[in-house]
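J.: Put chain B on the given structure of chain A with help from the hints.
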Amino acid sequence: MAACRLLGLFGAGSWVGSGLFVCRRNLAACISVRVHSGRAEEKQTHFGFENVSESEKTEKVYRVFKNVAKNYDVMNDAMSLGIHRLWKDALIRMMNPLPGTKLLDVAGGTGDIAFRFMDYLRLQHERQSRRAVKSNQSPSWQQISDFYEQQNKSDSDLGSKAVICDINKEMLKVGKRKAEQLNYTEGLSWVVGNAEELPFDDDKFDVYTVAFGIRNVTHIDHVLQEAYRVLKPGGRFLCLEFSKVQNPIISRLYDLYSFQVIPVLGEVIAADWKSYQYLVESIRRFPDQEEFKGMVEDAGFYKVEYNNLTSGIVAVHSGFKL
Amino acid sequence: MAALWRSGLQRGLRIAAGLYSRDVVRRGLRASTYLSMFGEEQQPREHYQSSQTYTVAQESYSSSHSDQNGQKSEGFESEEELRQQLLSAALEFVPSFGWSLEAVAEGAKVLDLSPAVTGMLSHGPGDLVLHFVCQCNKQLSEQLTEQHLQVQAGQQEAKKTDGFVKDAVEARLRMVIPYIDTWPQAMSILLLPQNIAESLRNLTNMVDEIWYYAGDRSTDSNWYTKRAILAGIYNTTELVLVQDSSPDYEDTWNFLQNRVNDAVNVAHSVKQAGSTGKALFQGLVGAAVTLKNLSGIAQNR
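Residue numbers (our numbering), protein chains in the order written: chain A, 662 to 983; chain B, 3 to 303.
Just so you know, the hints here were simulated from the structure itself, not pulled from any lab data. One or more hints might be untrue.
Heads up, simulated DMTMM-like pairs for lysine to aspartate or glutamate below, C-alpha to C-alpha not over 20 Å straight-line [said to hold, decoys possible]:
1) K935/A with E831/A
2) K763/A with D114/B
3) K763/A with D882/A
4) K763/A with E104/B
5) K964/A with D882/A
6) K905/A with D949/A
7) K111/B with E144/B
8) K721/A with E958/A
9) K168/B with D114/B
10) K865/A with E108/B
11) K830/A with D863/A
12) K935/A with E717/A
13) K935/A with D916/A
14) K111/B with D863/A
15) K954/A with D264/B
16) K727/A with E831/A
17) K168/B with D264/B
18) K964/A with D264/B
19) K837/A with D734/A
20) K763/A with E831/A
21) K964/A with E81/B
22) K964/A with D253/B
23) K111/B with D864/A
24) K905/A with D916/A
25) K837/A with D780/A
26) K763/A with E108/B
27) K763/A with D780/A
28) K834/A with E720/A
29) K865/A with D114/B
30) K830/A with E857/A
31) K839/A with E857/A
32) K964/A with E82/B
33) K721/A with E857/A
So that you can see chain A by itself, here it is in the shape it has in the complex:
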């Protein structure tokens, strides 16, 4: 039973018995390891360049983000020289959401992706209504009043929603405060949840995004499987994450910058050297573009592609649940 709780993902009870049997007979190493090892705490994983046990990692990552939450956005701007905004804009452009899309942003803490999503939809809506007006050369008074009504209609009326899920309450608090300041009032929900066990039903979302979050999880394949589960058929998985730089010269410069400059910035701005050391090391431990593409395909996604941004410092992986 402990093994079942561990696996934690079997919905119907009838699966449990056969599930155990499947595991025992199953030749796939990963599942059998989970069952035979009995307790996952004994498995070792990486936390930056050190090795820790799996339950320890979750705690340590939680502590890292609790510490950096207040200065998260400032540090992002300082470390990436503002380029992270371009990366996130590129992600939304690639997503190209239509009105009525339901977005789930996992590890979305301070809400950058969700805010950009709402902005994009608002812009599209305005452009559409402007086009409709232009096609009427001399509108009647009725049409003009309809146009003003349309403009006031917000996106949530059209059915587009964004749900921001994060395991860390501090990050969500910062995000909520930002939303109030920037006046994003409708269409956003803030949910506390673990990416490896999402508190949502199956087939709920049109787009699932995870931006700079997936390298911090303990089991990447669990997260991918959860992503597959909560997406509707035809839904899209998008992952924005640091990846391997292909060009050797740029790679050398990038390493130099990462290891020499970023922890120093962390110490100066946020008085936290170790969190930013972890950040830089965790980037190095994350699988490269092709390997991660393979992992996404294993979770059951189709048409998996990746785009390198800034010559490979960051990559956007995209897959469809078909």
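T.: Same frame as chain A, now just chain B:
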């Protein structure tokens, strides 16, 4: 064969163990019914032999994954087929939404897919238009092959080249008529730089097919000129078609007939000019020889 089965099973089970929702079971059952429909009966039997303890749902799910294409479940056989179905479904909504991603999103809704699946089309609305053009070309090709077979079987008389070409172009343009209100938008989309290469390829393939079935077997520069001329005729007739308001587009077909006649006349005149030129040249040579003899220059005695 057994090794293939085992690896397929492994993969299926690994995925099945991860995907635990009811939908998986439903999909697996659906997939298994599809498979049995297509006559793959020996697979479930092997399943039973090697895995008596697995539940039926798991078996059917893994059998769908041990399909050699290894591509899909959900009743679609591959993502390519899904794409074709999506684009064909989207064509129905084109008259109301235009050639745009909204039409594709409506098509996705019909197939029970999320509208986010429009992200699969790397060229956006261009993919929709190109799909339609490919479909029309395929239809035309089928019609021409059928005509050809009928002529060979003696059930139909072979048409003359210009009549054949005119009929083929007319048949192809008639396929556009249901979408004629939005066709100018489609034409402009095809001219965008990211789509123009593919659309030119489609045009040349279509023109090549028409000439082949018209009986052209030329191997010299005529091959190029004929195709260039026909491509020109097709494009200009298309432009006339979109602004034609006569009943049943008579003006367009008259325009087409005139262009084809022009092309034929040009071909005749070129041939005539050639033979006239040759005759003229021979006449001149004869006159020169006569003059030479008369004047006695360069006599070889």
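J.: State for each hint whether it applies.
T.: Checked hints:
1. K935/A with E831/A: 19 Å, holds
2. K763/A with D114/B: Judged against 20 Å, a Cα distance of about 15 Å means the pair holds.
3. K763/A with D882/A: 23 Å, violated
4. K763/A with E104/B: 16 Å, holds
5. K964/A with D882/A: The given pair, whose Cα atoms are some 18 Å apart, holds under the 20 Å limit.
6. K905/A with D949/A: 5 Å, holds
7. K111/B with E144/B: With Cα atoms ~31 Å apart, K111/B and E144/B exceed 20 Å; violated.
8. K721/A with E958/A: 29 Å, violated
9. K168/B with D114/B: Measuring from Cα to Cα gives roughly 42 Å; hence the hint is violated.
10. K865/A with E108/B: Roughly 18 Å between the alpha carbons, so the hint for K865/A and E108/B holds.
11. K830/A with D863/A: 24 Å, violated
12. K935/A with E717/A: The hint holds at about 16 Å.
13. K935/A with D916/A: 17 Å, holds
14. K111/B with D863/A: The given pair, whose Cα atoms are some 18 Å apart, holds under the 20 Å limit.
15. K954/A with D264/B: The given pair, whose Cα atoms are some 57 Å apart, is violated under the 20 Å limit.
16. K727/A with E831/A: 6 Å, holds
17. K168/B with D264/B: 12 Å, holds
18. K964/A with D264/B: With Cα atoms ~50 Å apart, K964/A and D264/B exceed 20 Å; violated.
19. K837/A with D734/A: Cα-Cα ~13 Å, so holds.
20. K763/A with E831/A: 24 Å, violated
21. K964/A with E81/B: 8 Å, holds
22. K964/A with D253/B: This hinted pair is violated, its Cα atoms lying about 47 Å apart.
23. K111/B with D864/A: 14 Å, holds
24. K905/A with D916/A: Holds. K905/A to D916/A sits at ~11 Å (cutoff 20 Å).
25. K837/A with D780/A: Answer holds: K837/A to D780/A is near 17 Å, not above 20 Å.
26. K763/A with E108/B: 16 Å, holds
27. K763/A with D780/A: Holds, at roughly 14 Å.
28. K834/A with E720/A: Holds. K834/A to E720/A sits at ~19 Å (cutoff 20 Å).
29. K865/A with D114/B: The given pair, whose Cα atoms are some 13 Å apart, holds under the 20 Å limit.
30. K830/A with E857/A: 16 Å, holds
31. K839/A with E857/A: 26 Å, violated
32. K964/A with E82/B: Given pair K964/A, E82/B holds - Cα atoms ~10 Å apart, limit 20 Å.
33. K721/A with E857/A: At roughly 16 Å apart (the allowed maximum being 20 Å), E857/A and K721/A satisfy the hint.
Checked against the numbered hints given earlier, the structure breaks hints 3, 7, 8, 9, 11, 15, 18, 20, 22 and 31 and satisfies all the rest.
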